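Q: Letter by letter, the chains look like this.
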Amino acid sequence: MNTRPRSAIQIRSAALLAVAVFGSARIYASAGQGSQAQNPPAQNQPQNPPPDLKSPGFQEFSDRVQKYVQLHKSVEATVPKLKATNEPELLVAHQKILARKIKAARTHAKRGDIFTPAAREDFLKAMASEFQGPQASHAKATMKQGAPLKKVHLHVNQIYPEAIPYTSVPPTMLQKIPKLPEELAYRAVSSDLVVLDVKANLVVDYLPGVIPVEATDGQ
Amino acid sequence: MILPRRFFLIGLFLVLATGQRVDEFKFPLKSNSVRFAAIGDMGTGEKPEFETSEQMNEQRKNFPFEFVIALGDNLYGGHSPADFEKKFASPYKALLDAGVKFYASLGNHDDASERFYKPFNMNGANYYSFKKGNVHFFALDSNYMDPKQLDWLQKQLESAGSNEWKICFFHHPLYSSARKHGPATDLRLLLEPIFVKYGVNAVFAGHEHVYERILPQKGIYYFTEGSSGQLRAGGLDRSSITANGFDTDQAFMLVEVADDQMYFEAVSRAGKVVDSGVIQRQQAATAAKP
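Chains A and B, in that order, give the protein sequences. The opening residue of the first sequence carries number 1 in the numbering used here; numbering runs sequentially from there. The opening residue of the second sequence carries number 1001 in the numbering used here; numbering runs sequentially from there.
To be clear, the hints were calculated from the coordinates, so they are not data collected in a lab. All figures in this text were calculated on a predicted structure; none of them were measured in a lab. Just so you know, nobody snuck in bad clues.
Straight-line distance between alpha carbons at most 30 angstroms, and here's what the computed BS3-like set of lysine-lysine pairs gives:
hint	chain 1	residue 1	chain 2	residue 2
1	B	K1093	A	K83
2	B	K1118	B	K1061
3	B	K1180	B	K1218
4	A	K144	B	K1180
5	A	K67	B	K1148
Below, a sample of chain B positions facing chain A; criterion: calculated Cβ distance under 10 angstroms:
hint	residue
6	A1112
7	S1113
8	N1126
Glycine is no exception: its CB is placed at the ideal position from the N, C-alpha and C atoms.
Model the full assembly from the supplied sequences, consistent with the hints where possible.
A: Structure follows, in structure tokens:
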């Protein structure tokens, strides 16, 4: 690779180097492999493997998710279909209407409806496998990359607070827990694992205190 | 060619005395090249964002880029209609009016509704690809790299032409020497083998509010440009993998892909070029097999 740094300091030092090495002002930077990957230290071996995705707890979770998605779709069918638009007013209005109608359709929803006790057990095992296993440091680093502000208290049917950033859910963790349909996504909020309706920006259910992370400011 | 020593001494004196470049970097501005800008973490709606976009507009007079890739955190804080205006439409009005297209990826501060905001050209998708000339771009959602997205990416890369540039962009950097967050190593565990297998050439990310160019990792060039609105002054802790960096002002990147070369500059809000160079297109380490 041929680079030409351009600040005065860079140019002077680079020119010195270039003159010394090549006898011209052309500067060659390394095009080879970077010498060091930034890998966290090795971790302990996992105590337990993650539960099978067909385990009863995960199956129950997936069944509850499907029921929710049916409700979501039935509500969404009553709202004008969202298309790409130049008018953010339409985006905001669509999200609000959808959220309001879904909330109205499940006014009695409560924590644990989706994350049932049996599902909770499987998720806890999956979390333990993820955060205590050989890849634990990677998962923790990912959580730390964007963990939302301090401790956030959520409740079911709550609109996700707009000023709070999302955490990138460790992708290795996503391979150990049931897949979600496109209407939903897992979110990590502080130490809580959340199922979010991404179209309505609505908290569908959450599992408190299952993610061992330190909160950061999430910038 | 070996020149007499006095030429070097004279040249060295001129460089040290004036700071002028002996061998000035220039974009080739070839007629069939692909020219774009890269910005990240810009959506503050504050003065530095406006000034950075003004500088982009200024640079465009000499480097007529056709589109912009946005590396996430397109809108910080609220997502009301006023926020879309204040944090995007208004600061980039001149570019938008000039017909410059923006292709956005989602950051951890972005709401999913942005997918349907037409000026972001996401067409309702969290992740998508598009082609410009001999360059295939892959916009990924690093907030949520689920198995479905990974499958999609592999299929997309597999079907891309072997003579095309493959450029991925998303929010969280796989390599970073910045102090705040550091690299997304979990994401790297899954993405890097795919990038290597299918011959991704360059990767652009944001999230860290600095500019950094990483030495090639497994043959892939990584750039972080997360300071186009936000800035974490002094936030770069240069490491052994840092090729160059800049953390004292807002910045953006200009890129031209001409045939098998990719020319790039990182430009500060004040218009100072803080990094530049040329990359030769690499071949895939392992040819993708159908």
